[in-house]
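Can you make the complete structure from the sequences, with help from the hints?
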Amino acid sequence: MSVPYSTDDAGHPAPSDGLSQSVGPNGPLLLQDHFLIQKMAHFNRERVPERVVHAKGGGAFGEMEITEDVSQYTKADLFQKGKKTPLLIRFSTVAGELGSADTARDPRGFSLKFYTEHGNYDLVGNNTPIFFIRDPSKFSDFIHSQKRRADNQLRDHNMQWDFWTLNPESAHQVSFLMTDRGTPKTWRHMHGFGSHTFLWYNADGEKFWVKYHFKTDQGVENLTADEAKAMEGQDPDAHRRDLWQAIERGDYPSWTVKVQIMPFDDAVNYRVNPFDLTKVWPHADYPEITIGKFTLNRNPSNYFAEIEQAAFEPSNLVPGIGGSPDKMLQGRLFSYPDTHRYRIGPNYLQLPVNQPKVETRSYNFDGPMAYANNADPVYAPNTMGGAVSANELYEGESYHVSGEIMRSAYELHKEDDDFSQARALWEKVLSDSERANMVSNIVGHASAPEVTGDMKKRVVEYWTNVHPDLGAGVAKGLGVES
1 MSVPYSTDDA GHPAPSDGLS QSVGPNGPLL LQDHFLIQKM AHFNRERVPE RVVHAKGGGA
61 FGEMEITEDV SQYTKADLFQ KGKKTPLLIR FSTVAGELGS ADTARDPRGF SLKFYTEHGN
121 YDLVGNNTPI FFIRDPSKFS DFIHSQKRRA DNQLRDHNMQ WDFWTLNPES AHQVSFLMTD
181 RGTPKTWRHM HGFGSHTFLW YNADGEKFWV KYHFKTDQGV ENLTADEAKA MEGQDPDAHR
241 RDLWQAIERG DYPSWTVKVQ IMPFDDAVNY RVNPFDLTKV WPHADYPEIT IGKFTLNRNP
301 SNYFAEIEQA AFEPSNLVPG IGGSPDKMLQ GRLFSYPDTH RYRIGPNYLQ LPVNQPKVET
361 RSYNFDGPMA YANNADPVYA PNTMGGAVSA NELYEGESYH VSGEIMRSAY ELHKEDDDFS
421 QARALWEKVL SDSERANMVS NIVGHASAPE VTGDMKKRVV EYWTNVHPDL GAGVAKGLGV
481 ES
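Numbering (the UniProt record's numbering), first residue to last: 1 to 482.
Honestly, I wouldn't trust all of these hints.
Derived DSS-like pairs (lysine-lysine); straight-line CA-CA distance at most 27 angstroms [what the hints assert, rightly or not]:
1. K476 / K229
2. K147 / K428
3. K81 / K215
Restraint ranges, calculated between C-beta atoms of paired labels, are given here [unchecked claim]:
4. A409 / D285: 21 to 31 angstroms
5. E411 / A380: 52 to 62 angstroms
6. R45 / V388: 32 to 42 angstroms
7. G367 / N297: 30 to 40 angstroms
By construction, these hints were calculated from the structure, which means they are not laboratory data.
Using N, Cα and C, we set each Cβ at its ideal position, and we do this for glycine too.
Dropping the structure here:
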């Protein structure tokens, strides 16, 4: 029996189920890729009114101070030595709905909005430095596998393992998820990461690639699977409550801001693809550089107005910072602001929590809920004294790309594969007790009644590819002959 081809919503045969159209294997994505745009745009409109992803969360306000000189790497105002910038942070779980438990096994969103002198700068990250997939065309499919079935509206571990085992690029992130890092004790006791690779450029136009790391000053603390499950019943809002109470009593949480810097030309021949979101840059090659600290010191006065309506978008970039050929980042540059236009409305940036602290002089106007009504002229160019663009502020952000338009996976670098970094986590990072807990967590998750015998065999194969000892432990726990 032949398998029918997939289509878009208008019935056109799908050109690919998992690859976006790019300029060459490693270049940026194209707006003309209608199939990708339709998938992302439809996905962004699946739920009303809560977020499709990262629905359950909480946050607070604070300030970042830069203590080291990194002007040789970026001219971005907020990263100049001595600069203090107000910020908003939102923590969240990824897959659960608005009423889900804070302590569920899930990555944690770690999103930052900096109110800079050149407009808002947003970093949309997680508490892990990597992600499950490397192409945005797979994102809605991945999230669907974590959500609820179409027939019975129940979450289904079998379809989660189905997606993960068919996409071995997920192994690194799933390894993190199945350790106790998948159930942090509180938001205050976990690291945060920008995850993506970004471009930094200095006043002379020199370019660098950068990754952000936010290391908790409270120390990393996690819950075991049993502790997390018990907390779900005791207090499903445990993380939201903990952050609020800590700030109310003056126990202000803080994180040390670190970056990894890669010279621009190193990216071409680096041993792993530096733009692949399923990979980290080994610290032996590009060590972390401490540049400052941020502290949270104010709770929201109205949760809905200041947290639920907060709109984070990686397309909010300021002079001195740019995007990269990271395909997941390229997709999110479109997807995040498009989500906000749908969920909150086209004038979401006029809400106080999203409004930049500097004057805006945009030629966008009208639309639902517009209250910052622009005066004439409302078009550019004009001869009526209207504002003009500041092209010179962005000098240095451009770089050359070329290649044939295609749908392709990234070109492999010499040490690119899906399992070696997950294997390094198992061998070199986790303690004996953490490895034992990881096996137990995997076995518990894959022992759900809906997980089939054939799927359990695929789960064992998946983890055996990470490490034979890990695979053997999972096989034993699942009762699968290895």
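Right, here's what the structure says about each hint:
1. For a cut-off of 27 angstroms, the pair hint linking K476 to K229 stands: about 23 angstroms separates their Cα positions.
2. Of the supplied pair hints, the one linking K147 and K428 is violated, its CA atoms being roughly 33 angstroms apart against a limit of 27 angstroms.
3. A threshold of 27 angstroms between alpha carbons decides the hint, and for K81 with K215 the separation of about 19 angstroms falls inside it, so the pair holds.
4. In this structure the hint that A409 and D285 lie 21 to 31 angstroms apart at CB holds, the actual value being about 23 angstroms.
5. Between E411 and A380 the Cβ separation comes to about 40 angstroms, which falls outside the hinted range of 52 to 62 angstroms.
6. Hint check: R45 to V388, Cβ distance near 35 angstroms, so the stated range 32 to 42 angstroms holds.
7. The beta-carbon spacing between G367 and N297, approximately 35 angstroms, falls within the hinted interval of 30 to 40 angstroms.
In this structure, the hints that do not hold are numbers 2 and 5, in rising order.
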